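Participant: Sequence:
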Amino acid sequence: MVSWLHNQGEAGRHQMLSLLKIRNLALVERLDWEIGAGLVGVTGETGAGKSVIVGALKLILGERADKGMIRTGEDVCHVEAIFDLQDPSGVNSLLEEMGLEACEEGQLLIKRVVGSTSNRQFVNNSPATLGVLKAIGRNLVDLHGPHDHQSLLSQDRQLVMLDAYAGVDGELEEYRTCWSSWKEAETRWCEVRNAEEAGEQEIELLRHQIAEIEAAEIDPEGESELQERYQRASNSAKLVGVAAEALNLVNGDGTGVLDRMQEIQRLVAEIEKNDPAARNWTAGVKTAVVEIEDFSRELERYLGEIDLDPGQTSALEARVDLLESLKRKYGPSLQEVVESGVKAAERLGAVENRGELLETLEKETEVARTAMMKAGMDLTEKRRKAGPKLARDIRQHLAELGFRQAAFEVNHQQQAPCANGLDGIEFSFGPNPGEPLKPLRQIASSGEISRVMLSIKSALAQQDQTPLMVFDEIDANVGGEVARAVGEKMAILGGVHQVVAITHFPQVAALASQHFLVEKRVEGGRTISSLNEVTGEERVAELTRMLGGQSEEARSMAKSLLNLPRNLT
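For the sequence shown, our numbering gives the first residue as 1, with consecutive numbering after it.
Keep in mind that the hints were calculated from the coordinates and are not lab data. All figures in this text were calculated on a predicted structure; none of them were measured in a lab. Be careful, since some hints might not be right.
What the hints assert, rightly or not - DSS-like cross-link-like pairs, simulated, lysine-lysine; straight-line CA separation at most 27 Å: (1) K183 x K21; (2) K183 x K134; (3) K21 x K58; (4) K374 x K389; (5) K389 x K363; (6) K520 x K58; (7) K382 x K343; (8) K183 x K343; (9) K389 x K438; (10) K183 x K374; (11) K374 x K363.
Unchecked claim - DEER-style ranges, computed between Cβ atoms: (12) G222 x E272: 32 to 38 Å; (13) E552 x K134: 30 to 36 Å; (14) R297 x E217: 34 to 40 Å; (15) S224 x K273: 48 to 54 Å; (16) G331 x R64: 32 to 38 Å; (17) R64 x D87: 27 to 33 Å; (18) E552 x G167: 50 to 56 Å; (19) L239 x I271: 28 to 34 Å; (20) A246 x L226: 24 to 30 Å; (21) K134 x E191: 32 to 38 Å; (22) R328 x A243: 33 to 39 Å.
Cβ coordinates follow ideal geometry from the N, Cα and C atoms, glycine included.
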């Protein structure tokens, strides 16, 4: 998945986590952490609660929650993060795809609520799934700890890193367009080629289906009229008897309804003649006589139209039976029967004309493949040119981090065409001269892989536009000048990204633009962790503690660390 933050250039510097709120998470009862840009250092004694910050961010990133993280005695814990985005158009597009509210004034709000019985998550106050948080989070935060390097070990991820370094967005897009066209052409060709194996039995069946449906001359629109005619013909004898009886009741000599109504009409005329006011209530008699006369004529016409011919009834019955049979065979409706005939004709045409069609499709597939291979070779060439340059940059950073004679290579392996190109990429590392290089996934030392990761991140600082990078004690197992170099690398990254470094090394903490101290204390019989920014003498005191004591020598060294010139280029 291509990051929606990719290629935003300087915009990445102005996108960051501005606020992290924690309520009742592990040892933290209440924390409102406001942080700025650059390198942010977080220190504290072992067990003070620094890991809670990482745990809170992992919740924001969509990791599954364990109710055991809820502070003892509480039912619910809350974690809330606000990201300030100078250009929120990318994330807004992603939110729109997911049916969520867009960011207001460039602020993205993510919230997790973890309860003892249920968990909920929200994006901009709209309910969301963990999958949504993961999709958004992978573009917001890059989290690295002693054991959080799985993405770095993935060859797919390594390829994405090389492509970012090589700046091949246009070439990759062109290749993927050609690759999709080739796959579509190849799929169509394979379908017709497989149809070539259709036997005579299938061909005969198709021809029979087409002939049967065409011979029926189906008119889906006339089905209801046919059903009505058939029902009338089937009941013609009964209809004649009933209609004749009704006509006799209307026109019976002297006793029919029409004669009686006409007599009533004559009497009403006498009433109206002698009492004109009666016309107010006698008008309906004339109307009734007219309607009965009309009804009598319609009955006579209806009787004349009823066909008692058994032959016609039989023909209508046969037609209805035929259509019902076709519906049972080809579809529940006559329209679907017609569509089945069309599909059968298309299939038969493909089978009968497969030779000519196959030749055409094979040519189209080859043309598409040629275009795809050319685009793929252009992409490969740029990757092969960029690979040694990236390896050289990474080796330089590795040397500055204590691996002065380490080897690092970006290896290319040719592979079958896929959505990512014609070649695979694998990063190889050799920390010791004379020893063979090994793929990164085979490196067991967390200290080594952490520094390799930091070297790669440093080499790709300008291309990687992830707003927030979190380094959780990746400086473990190093010391002295190497620790200082690790801190300087993080500080340089802080010029492009917001960087949070959770560290035990004063050399790293001294380089931070902001320094926060995590402390643990007991209040009312309960253990509470707190986080506060330290400046001035408080910062000197914390660096002194980290140096191993409260001696004047340690204090002097702490001050010197803060005043050392910084190699941040």
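Participant: Determine which of the earlier numbered hints do not hold for this structure and return their numbers in increasing order.
Facilitator: 1, 2, 5, 7, 12, 13, 16 and 19
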